[in-house]
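Chemist: As given, the protein sequences belong to chains A, B, C and D, one line each in that order.
Its first residue numbered 1, the first sequence is counted upward by one per residue in full-length UniProt numbering.
Its first residue numbered 1, the second sequence is counted upward by one per residue in full-length UniProt numbering.
Its first residue numbered 1, the third sequence is counted upward by one per residue in full-length UniProt numbering.
Its first residue numbered 1, the fourth sequence is counted upward by one per residue in full-length UniProt numbering.
Simulated from the structure, these hints should not be mistaken for laboratory data.
Just so you know, not all the hints are guaranteed correct.
No copy labels: a pair is met if it fits in one copy or bridges any two.
[Unchecked claim] Pairs of lysine to any residue, SDA-like flavour, derived with a Cα cap of 25 Å:
#: 1; residue 1: LYS161; residue 2: VAL128
#: 2; residue 1: LYS161; residue 2: ALA218
#: 3; residue 1: LYS161; residue 2: THR222
#: 4; residue 1: LYS161; residue 2: PRO320
#: 5; residue 1: LYS161; residue 2: ARG258
#: 6; residue 1: LYS161; residue 2: GLU221
#: 7; residue 1: LYS161; residue 2: ARG287
#: 8; residue 1: LYS161; residue 2: LEU104
#: 9; residue 1: LYS161; residue 2: ASP127
Protein chains: 4
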Amino acid sequence: MYFVSDNAAAACPEVIEAVLAANTGIAGTYDNDTLTQRLNGVFGEFFGRECSVFAVGSGTAANCLGLAAMVPPWGAIVCHREAHIQVDEAGAPAFFSGGAALILAEGDAAKLSVEGVRAAVAGMRGDVHQVVPSVLSMTQATEYGCVYTPDEVAALGDEAKRRGWRLHMDGARFANALGHLGCAPADITWRAGVDMLSFGFIKNGGMSTEAIVVFDPALAETLPHRKKRAGQMPSKGRYAAAQLLAMIETGAWERNARAANAAATRIAAAAGDRLIYPAEANEVFVRASPEDSAALRAQGFQFYDWAPGEIRLVTAWDTPEAHVQALTAALAGL
Amino acid sequence: MYFVSDNAAAACPEVIEAVLAANTGIAGTYDNDTLTQRLNGVFGEFFGRECSVFAVGSGTAANCLGLAAMVPPWGAIVCHREAHIQVDEAGAPAFFSGGAALILAEGDAAKLSVEGVRAAVAGMRGDVHQVVPSVLSMTQATEYGCVYTPDEVAALGDEAKRRGWRLHMDGARFANALGHLGCAPADITWRAGVDMLSFGFIKNGGMSTEAIVVFDPALAETLPHRKKRAGQMPSKGRYAAAQLLAMIETGAWERNARAANAAATRIAAAAGDRLIYPAEANEVFVRASPEDSAALRAQGFQFYDWAPGEIRLVTAWDTPEAHVQALTAALAGL
Amino acid sequence: MYFVSDNAAAACPEVIEAVLAANTGIAGTYDNDTLTQRLNGVFGEFFGRECSVFAVGSGTAANCLGLAAMVPPWGAIVCHREAHIQVDEAGAPAFFSGGAALILAEGDAAKLSVEGVRAAVAGMRGDVHQVVPSVLSMTQATEYGCVYTPDEVAALGDEAKRRGWRLHMDGARFANALGHLGCAPADITWRAGVDMLSFGFIKNGGMSTEAIVVFDPALAETLPHRKKRAGQMPSKGRYAAAQLLAMIETGAWERNARAANAAATRIAAAAGDRLIYPAEANEVFVRASPEDSAALRAQGFQFYDWAPGEIRLVTAWDTPEAHVQALTAALAGL
Amino acid sequence: MYFVSDNAAAACPEVIEAVLAANTGIAGTYDNDTLTQRLNGVFGEFFGRECSVFAVGSGTAANCLGLAAMVPPWGAIVCHREAHIQVDEAGAPAFFSGGAALILAEGDAAKLSVEGVRAAVAGMRGDVHQVVPSVLSMTQATEYGCVYTPDEVAALGDEAKRRGWRLHMDGARFANALGHLGCAPADITWRAGVDMLSFGFIKNGGMSTEAIVVFDPALAETLPHRKKRAGQMPSKGRYAAAQLLAMIETGAWERNARAANAAATRIAAAAGDRLIYPAEANEVFVRASPEDSAALRAQGFQFYDWAPGEIRLVTAWDTPEAHVQALTAALAGL
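The shape of chain A in the complex, shown without the other chains:
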């Protein structure tokens, strides 16, 4: 019974069917296929605003190729100390941008606050001897499965705007956040000041493609060059675009996210007082002694030891109902 990672799940049927359907005859190459050419329109409708969409092959590429368009090589990206781009992307922000730095802000549950952001740059002088903060990057849902409300996003958007920064959203689990909030996609993106979104699909039942969604047309101009140069412009782009279109057009993004969220909600409820953060997306962080962990493992559960005394339980779009039920029972029985 697997609760280690949503990256381990298979792709959902709609995605697979779309890949199969794309596999017919001749198609335009290097983003000139008819599926890729539909991306802007379909996502534009989804977000209620014109946008430019770029398919890439990983979350790292989505985040860092996109960020590179918003920060000069001597610039800096303000993000949470536990942001994926800081902890788990092997320096990719610097690689794609030509050297930009990360400035780390504090905040509970890996959530940024306006205060935390201000504190992170409080000592900076704004002269030529220091890196130039240029982008605020937030993760929705956060690395701890917490969700920013539209107001919280907008507050960060206002702060960014006020400082002349761009606002970037790492949406590796954007669908889960949206499923939790039930708001319009616009409410937590461009309407709240987000300039660019890494819209994650792979964790949510996709196969191999993420989307960079650019709301400010000026920021999209360099992206085709960056994609090509980074080896992120496959010759047979149809298979990538097909996945993104399928997720949006069939509504699989929502069904999958809601399923994963619902399972997490139940697990969180069963965890009771052990719950460390509100489980608003599909991750549940739970206090567990070594004995507790061993007991859970002995019952067949796989999960990640997050920190001493803390375990992480992740659900996916296809986590079997029986496994969820077993886990809730096991947690209750600890």
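Given chain A's structure and the hints, the job is docking chains B, C and D onto it.
Modeler: Relative to chain A, chains B, C and D alone:
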């Protein structure tokens, strides 16, 4: 009737079936899946030697991520003036390597010769004021569909070794070259001095994955870091690995390449005196006046105007027999 | 009466005379002059060990060009949160290295401790998803004018060695540290595990040149390429080398450092309870209310407002005795 | 008798005196000194137009730090095949720009022509798969000591403008070119379309500083960040600025250049039919058999063997009259 590019063809059934077969249940993430873990073994058997294999998402990534492991930022890659890495990769060699330059050698049919390589670096002084040639990169089959024999590769390999350079092979159409030669894969790779190969599958019936094959273990050490950092390490690596395994293990690589080659051979024969280069792989370059081109297009053929008076006709693994027949007739009738 | 920065002082007579003396007739170009060629020998004698010395034009270049030889682009440099390379070099470590990150350790008085270093990397997993700590960089004397003893350096050297890291020393005020300790230069460099030193001269009475001193020959190999490529290899290298040689061979380094240190010591004594850190080099950090600061400024003293309630007083090799006396009196009178 | 390189000459008295004069008391740090702050005004008057001037420590830095402000990482700089930035700067254009490529144009005497430039980019498609030509870089005087007339510069300027490129001038020997032409500095710079100039002083009697002169204010914006980050912003900037001011304000630039030019002119005249290129600046390229070379060396002349059968003779601002006379006699006597 489409003869523009082999990148426009669909994926072959074996690849699609392998992707479907991979889509079952839980799998290890980030190259820790069982399919990815089989790559070294399967390719090792194919090449008759231990090797390290890295799946990436484009030919550009295969070439340039690999090259970066062999050249310092102040180094240079010697390649043909018409090499893909020079003409069609948007500066990716410099991006991945941190700034390495290309030194351009001459040669007919986009083929390097020992003499051409020597001439390209003849004026260089070897001091600290100049870039340091560090890698020789050849394309097998060449950008004009010509194939290096094992002896030709070995001559370049010897020259590289003598100079302390690495030998890199851009094998975007390696399978076509192999199909043409009928030799052992080893004969035109490690046995002939090749240190690293971009083994192309996408043009040859693959979907979205190329392989970097490293024959010198020392060169493989940095590649996992480079893959990750470049966003070329997808979380669900199984779908990439499945494609590579299917191509090798089912023999699809060979059947596909031979089919494309055979079609090209027939077209070349029909072109007669118009043929510019020997059609040893799946590309046919033909002299054609504007009237000739128009006449062919009027009959429904699509192709690329390579240069004034020259057209390029590319076959793929699935080019319909009827189209080939029609084209040979049309060429004969010019 | 100027106590803002040691960078504002003029060059000392020995340096100026050496520049004048170098200005005679023809000299070899691009580090092939006879002065540059004496650097290794003179510094080798100074440090009691063979070393390779590279003259560069700024402290940023000394630190970051040198660091780049010790860290891969996906690597990281562990340093103090208040290290100059983090706070005041505008992202130069990433520029010179091709993207390396900084990992920030805590510690009083901008001093690293083994515990602080361990804590900084405690959460790191050592897998391919994270940057790879490769160098420990310490500043001697620290940004707060505190000095590591030989034992303290050696403890950090041991920790670095144990982890397979290199040890780098930002010695912008190395002479001041040495003057304070009175030990052999070797005792706080190679004998204590330092692989590379930025030996600063400019703040200490130099004009325009710093030295990178490399104790491990393997690390020196790439530096000529890096110097040239970064525009840090002037065609008339004699003027740079002359400055370094003069500072070492005349003993000006020591006289200057001791003079600045002595002035700081007296100021620190006058500050009494207001002193924030022990003044072991030529910087004195003093608690001062806004009224105190205003009073000092009214008496003609210039200095830097370090933080609310804190001022920084820096002495130089040529700070006039009368100014020091006036300042001590003024501090006593607050 | 030394005719190898103008980089081997000492600094002229005005420069040395200016450095000495600058060595008085306290000065602002990091380009905040009063000398640095006079640069824009003095050069603005010299060029008859507002400009931004940045002092850097080498010709490589002047060229490549400046070029980096005009070309994106995926862009390209069109230059002559024998341009210094291609042949002798160790890949620095890519280092400073984050990867930009060089596109090499042909032309006699290392001179670019509009036709040569057009031919160099003739085959380029302008799509995302190729590097994007963004700057035309010309060298005035050329690497063979030839000088572009104002009309020739303007023709290249027009071509650049027409294509949306910037025009860059490597003026390592700009003073020599100006001395030869006798025109206004404006005539071969901004009036002819030059956006940025590397104004060389070191070869012409300077000590250690070159100037980047920016005529388009928009291009100057990023340069302070680039300077700092590249370690090209020394803390005691007064010594660099003093050199530039002295050269311009005393007229030493002109006297020195004319002296070197005059010596070269006489040598060229003595070379007669052996002369390979018109000697319009301070370099003379002469046909000389191995026996001729040996004969000259036997008479005490030092020079550079440029190519088989070709030698290079370079004069400097201070080449002794007697040496010139001896050389002309020796050449006549061959």
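Chemist: If a hint holds in the structure, say so; if it doesn't, say that too.
Modeler: Status of the hints after comparison with the structure:
1. Taking the closest pair of Cα atoms, LYS161 and VAL128 come within 25 Å of each other only inside a single copy of the chain (21 Å); across copies the shortest separation is 31 Å, beyond that limit.
2. For the homomeric pair LYS161 and ALA218, the shortest alpha-carbon distances inside one copy (16 Å) and between copies (23 Å) are both at most 25 Å.
3. Taking identical chains as interchangeable, the C-alpha atoms of LYS161 and THR222 lie at most 25 Å apart whether they share a chain (21 Å) or sit on different chains (21 Å).
4. Taking the shortest alpha-carbon separations for LYS161 and PRO320, neither the intra-copy value of 44 Å nor the inter-copy value of 49 Å comes in at or below 25 Å.
5. Proximity of LYS161 and ARG258 under a CA criterion of 25 Å is satisfied in neither setting, with 32 Å inside one chain copy and 50 Å between copies.
6. Within a single copy, LYS161 and GLU221 get their C-alpha atoms as close as 21 Å, and across copies as close as 21 Å, so both meet the 25 Å cut-off.
7. When the C-alpha separation of LYS161 and ARG287 is checked against a cutoff of 25 Å, the pair qualifies neither within a copy, at 38 Å, nor between copies, at 36 Å.
8. Proximity of LYS161 and LEU104 under a CA criterion of 25 Å is satisfied intra-copy only: 19 Å inside one chain copy versus 28 Å between copies.
9. For a Cα distance limit of 25 Å, the shortest separation of LYS161 from ASP127 inside one copy, 20 Å, qualifies, whereas the shortest one across copies, 34 Å, does not.
Hints 4, 5 and 7, counting from the list given before, are not met by this structure.
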